[in-house]
Every structure is written in structure tokens, then in C-alpha cells.
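**Q** Each chain, written out:
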Amino acid sequence: MGFLHRHRGLTPYLLLAPGVVWLGLFFLVPLGFLAYQSLESGSIDFGYAFSWSWGNYWNAIRNYRGHFERSLEYAGIATVLALVVSYPVAYWIAFRGGRWKNLLLLFIVAPFFVTYLIRTLAWQTILADHGLVVRTLHHLHVLGSTGRLLNTATAVVAGITYNFLPFMALPLYVSLEQIDGRLIEAAEDLYASRWKAFLRVTLPLSLPGVVAGTLLTFIPAAGDFINAQLLGSPTNHMIGNVIQSKFLELTDYPAAASMSFVLMAAIIVAVLAYARAVGTEQLTG
Amino acid sequence: MSGVMDLGGRAWALARRNVLAAYSVLFFAYLLLPIAIVIAFSFNNPTGRFNYVWQGFTWNNWRYWDGVPGLRGAIELSLEIAVIASLVATALGTLVALALVRYGFRGRGATNLLIFLPLSTPEIVLGASLLTLFLNANVAFGFWTILIAHIMFCISFAVVTVKARLVGFDRHLEEAAMDLGANEWATFQKVTLPLIAPAILAALLLCFAISIDDFVVTYFNSGTRITFPLFVWGSARIGAPPQINVIGTAIFVVAVGLMVTNVLVQNRRGKRGLV
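In order, the protein sequences belong to chains A and B.
Sequential numbering from 1 applies to the first sequence in my numbering.
Sequential numbering from 286 applies to the second sequence in my numbering.
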């Protein structure tokens, strides 16, 4: 420790070094390789070579525009659904949970303790053609007699919503839980109506949670391919399915790499548009 | 008149409260339904290849949990990777968290960004970029590439978890130790480490859970090795055997057990004034 005493300025860098080097080598450097690969041209048989082929990006957008749009659409709908479905529950736990708060939070994260793929397979069972849900919907004539849920867009969006729900509910809970109850009481005194007090005080104060939950849900959802694979048909495939098969089955690396970057760019554009809509201070604060 | 208004207000408040409670019960039913299905179907006795329809109760899936070829090896690989990855990532992450909270230094902002970026990158991009790195460097895919990948995506989670604890940390305790003659290392060992131990444990558990559940990044970097999630993926195409539900249930029970124990221990420590 004598050495560190004489060079106190070095201590933080020594502490940082192992973790930062690891992330540099296995997160940043790979992104560089991915970028490099995305500009290569050639074929599987003759190998790929770097050639500044920006055409890969153009092709990715032109050929798979539907997949990109579907990814953003499914992820967007699932995010809104997750927000609407979990906000009342987060509110209930934060303000009425009392001494059961920790237990209720444990329930919220419970799905995370079942392997992602296994819980998605459970939805396959629930939504299956002769399952209880489909039969009930047939009975109520919500679905036509040949209507099904499995292998439809509905099932994919439902699966994504379910799988990322805790990412939405937890930040909502955290921001609601931090609200000073006296502020709401004061608002109720001033605005008279509870609903108005909620709209003017509680909701704005919970916005950081809404923003955090939205990003935590939307970003992984846009890149997901498991739900589309297990719960959808090929017409519901998202861009993740294409990237996955181009990398691992077709070994068309340049196309897959450029599509990965288009996906990231699409997500960043969507996030920025969202940030403009809700106000940037919510994002940075 | 005001009495009537008051009564109406109270009735409204009561109804509202119960609507919210009733809705929350429905919400939890929805959240837990798939878990109930997973557990129930671990006792199913399927007649065909597909474990979709309830056929009858049996203990056999639990008794012969490793009766499916390849399942045992997949679980062992997953456990091995999760143990090593969570230990390494938590160690690296704790050091980074200490540096970020304790020291002002050039490059702090950049480091924070480097920690945050992997958390906000879609998994498929993390997996794909590592794949291109290993391909270009001619690294053979297998145990080591899986391990490297898991440590990579666990570090950020470990940093965030430990950092949250360090931020609310009373530095006077350390200063007191130094005043009493302890050097930096002794202070760290005797004061800092015990105080942040719960956060380190939480980071370990979180990393372990994330590692053992990971599919996407592993899928891109496993070569021919099969972890448990990869085994599930492979068998989903040809009909998943009920043993998969058995393992899923076992993981669920162990994880919830650890969480509950952690909460109880923290509560007791809190009562004894140790937190």
C-alpha cells in the first residue's frame, strides 16, 4: 500500500483497469469488428473482403424494411401495453403496499426466475389452438371458429409484453414510491378532484420512472427474436430473426452486420424522438 | 349536505381502492400464470412428443430428471459458466464501482458511459459483435468464448448494483478507522468490505441469474457447446420434454428461496442496527 500512498492519483485507474479493459476488449473492440464486417463484400464461397461497401446498408433497408418496421411496431405496442398494464399495480404497491411491499415486488420479478425460453414456451401452451384461452374466445365469438392465437402477431406482442413487464413495473414503482405523500394531499386540497390531482401531480412526478421503464422495455424488445420465433409465424418475424439466421445459418456476415447497425440506428432514432416528446430533462435527469 | 358529500367521497375512495386492489390481483394472476403452467407441466405425463396437453400426473419426470440425453451436460455447463462468470464479473465490477464513487479522476464520465452502453445495447448486437471478433481472431468457439461473453455482459450489472450501495455510504466510518491508525488496506478489509458485503452478494446473485438464463449472446458464441437455455431452444423445435419444466421449476424454487433468504437476512440485520 506504500506505493499507492505515494501515487494516490493512480489508485482509481488501478481499480478501474480490469473491468474497463474487459469491456473495451469484449464490448467496444467487437463493435469495431462488426462495423468493419458490415462494409465487406464477397461471398460465402470465396470469402469476404473489406471494400467500403455501403451498399450493404442500402440493401438491408431496402430488402428488410418490413422486418425493421415490424420490430419497432411490435416493440412499441408491447411497451405501451406494459406501461398501461403495470402502472396501476406499481401505484397500488407504492401507496397501498404497506408491509407487503417487498413480497409484492418479489411477485413482480418472479417471472425472471423462470428461464426466458421456458416461460415463452409456457405461453405456447396457454395460447395453443385447443387450449382454454382459445376455446373460451371461440365460445364468446371474439375469435372466429377457425381463429387462433398461436402463430399470430397478437401472440408475439403478448409474449414480448409479458417477458419485459418487470423492466417496466420496477422503475415505475421506484419513482412512485419516492413521491412525498404530502404533495398529493396538498394537490387534492387545491384541485378538489382526486383524478385531477393525479394528473397534475402524481403522474408528472412519476415521469422519470415512465421514461426509464419505456427505454428498458423498448430497447431489448426491438432486438428480440425469441417471441417471434416461438409464438409467431414467419410473417411475424422481426429483424432479430433475420440477423440471427444471416449470422448463424446463412453466414452472410456483411449483410447481418449492417442490419445490426441499422437496428441500433433505428432504436436510437426512436429513443431520440421519444426524448423530444417527453422533454430531454427527463432522460438526462 | 356536506355529510352526504363526505359519504359519497368515502364510498368513491373505497370503491377506487378496491378496484385497484382487484385489478392488482388480476395482474398478479396474469404474471404468475405461466409459472404455474411450467410447474404443473413438470408433473405431466405426456403421451406424444409434445408436452402441451395435460394427460395425467406423474413423479417420473422428477425422478428421471436427467433421463434426456444431453440435458445433464447442458445444466453442468450452465452452472459452471454462471459460477465463474458471476465471481469474476462481481470482482471486476466492485473495483470499478469503488473507483467511480470514491475518486474524482479524468475519464470518469467516459467510464460511466462505457458501463451504461452494454446495458442499453440489444443483446443480439452484443452477441453478433463478439461473434465477429472471435471469427476474425480465429478463436475456437466453446467454453472460453461463452465465459468471456458472460463476464462481459455481467460487469455492468455488478457495477450498477454495488454503486447504488456505495453512494449512500457514510465515509465518516472509514475516516474514523484511519484516525484510529488503520491503514487503507486494513480500513478496506475491516470497515468498507463488511458494509458493502450485502451489495456484493446481491451483485453475485444477479450476475448468476442473468448468466444462467442467457440465451441470445450464448447462442452466437457457443460453437457446438450446449448450455441449458440452448438445450431448451433445440428441444423446443422437436417437442420439449417435461424434464425441461422440472429444471425450470428447480431453478425457480432455488432463486426465489435465495431472494427470500436475502430479504429476511437484510431485515434482521436492519433490526439489529447493522445496516
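One or more hints might be untrue.
Stretches of chain A that chain B covers, calculated by requiring three or more beta carbons in the stretch to come under 8 Å of a beta carbon on chain B [to be verified]:
| # | stretch |
| --- | --- |
| 1 | 33 to 42 |
| 2 | 177 to 189 |
| 3 | 242 to 256 |
If we take Cβ atoms under 10 Å as the criterion, some of the chain A residues that face chain B in the derived model are [as the list claims (entries may be wrong)]:
| # | residue |
| --- | --- |
| 4 | 102 |
| 5 | 106 |
| 6 | 108 |
| 7 | 113 |
| 8 | 115 |
| 9 | 117 |
| 10 | 121 |
| 11 | 134 |
| 12 | 136 |
| 13 | 140 |
| 14 | 194 |
| 15 | 197 |
| 16 | 199 |
| 17 | 270 |
| 18 | 273 |
None of these hints come from the bench; they were simulated from the model.
Virtual Cβ for every residue (Gly too), placed ideally from N, Cα, C.
**Q** Compare the structure with the hints numbered earlier in the document and write down the numbers of the violated ones, lowest to highest.
**A** When the structure is compared with the hints, numbers 2, 11, 12, 13, 15, 16, 17, 18 turn out to be violated.
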